Amino acid sequence: MMKFDKTAYSIQTDRLILRLFEKSDAQTVTRLCNNYNIYKSTLYLPYPYSLNDALVWIETHKKNFDEDCSYELAITDKDSGELFGAISLSNNQRFKNGEIAYWIGEEYWGRGYGTEAAKAIIDFAFQEKTLNKVFARYFKTNPASGRIMEKIGMEREGVLKDHVIKDGKYEDLIHFGMINPQESDKA
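Taking our numbering, the leading residue of the sequence shown gets 2, the next gets one more, and so forth.
Worth double-checking, as some hints may not be accurate.
[Claimed, not checked] Heads up, simulated BS3-like pairs for lysine-lysine below, C-alpha to C-alpha not over 27 Å straight-line:
id	residue 1	residue 2
1	LYS120	LYS97
2	LYS162	LYS41
3	LYS79	LYS7
4	LYS130	LYS64
5	LYS120	LYS64
6	LYS152	LYS79
7	LYS97	LYS4
8	LYS4	LYS152
9	LYS120	LYS152
10	LYS24	LYS7
11	LYS130	LYS162
12	LYS120	LYS141
13	LYS130	LYS63
14	LYS170	LYS41
15	LYS24	LYS4
Derived from the structure by calculation, the hints contain no laboratory data. Source: prediction; values computed, not measured.
Starting from the given sequences, assemble the full structure and let the hints guide the process.
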């Protein structure tokens, strides 16, 4: 069950709080993202990943949230506050759709945090932002990300062949999507 707190810019689930990143998170973000296994499965993270990369990235989040263009949230433990990763949702207001993207620190893989956070951000997209569609893409070489998409009810829509270049090689992106059940009832 997702609970959104507008004043705190946070989403609460059974085990997690998704919240805006703070400058104090930069060291942990740097430690988690300065990992080749995270880099090779993400589209935009640089490698090596520096403290400055984290600070510059975090600095834009509140403004993006306030302007309703994107929501970049820290995935944290509800009880301890420990930072596990990040999840984001873009907001294309013209087309009423958004893309989700996420990463989880390697030491936290396999514990369901990505799935729980993705489910919550989908609920946020449909219930709070009333988007019509949410989509996500993953590298063909990262099937674990695709399993998260399947678990939260997204459907595979196709393969974007040789769509991006990563480390000098063309990569296929597998494209998943989901239509807002309330919006499709109105059509």
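We went through each hint and held it up to the structure:
1. At roughly 18 Å between alpha-carbon atoms, LYS120 and LYS97 fall within 27 Å of each other, so this suggested pair holds.
2. Among the hinted pairs, LYS162 with LYS41 is consistent with the structure: their alpha-carbon atoms are about 18 Å apart, no more than 27 Å.
3. Annotation: proposed proximity of LYS79 to LYS7 holds, straight-line Cα distance about 17 Å (limit 27 Å).
4. Between LYS130 and LYS64 the CA atoms are separated by roughly 17 Å; this keeps the pair inside 27 Å, and the hint holds.
5. For the hint linking LYS120 to LYS64, the alpha-carbon distance of about 24 Å falls within 27 Å, and the restraint holds.
6. Restraint check: the Cα-Cα separation between LYS152 and LYS79 comes to about 22 Å, which is no more than 27 Å; the hinted pair holds.
7. Taking the CA atoms of LYS97 and LYS4, the gap is about 22 Å. The hint holds against a cut of 27 Å.
8. Distance check on the hinted pair: LYS4 and LYS152 sit about 20 Å apart at the alpha-carbon level, within 27 Å; holds.
9. Between LYS120 and LYS152 the CA atoms are separated by roughly 9 Å; this keeps the pair inside 27 Å, and the hint holds.
10. Simply put, LYS24 and LYS7 have alpha-carbon atoms about 20 Å apart, close enough for the 27 Å limit, and the pair holds.
11. Taken as a hint, the LYS130 and LYS162 pair is broken in the structure, with Cα atoms around 31 Å apart against an allowance of 27 Å.
12. With a CA separation close to 21 Å, the supplied pair LYS120 and LYS141 stays within the 27 Å bound.
13. Among the hinted pairs, LYS130 with LYS63 is consistent with the structure: their alpha-carbon atoms are about 16 Å apart, no more than 27 Å.
14. For a cut-off of 27 Å, the pair hint linking LYS170 to LYS41 stands: about 12 Å separates their Cα positions.
15. Pair hint LYS24 plus LYS4 holds up; C-alpha atoms about 24 Å apart against a cutoff of 27 Å.
Hint 11 alone, counting from the list given before, is not met by this structure.
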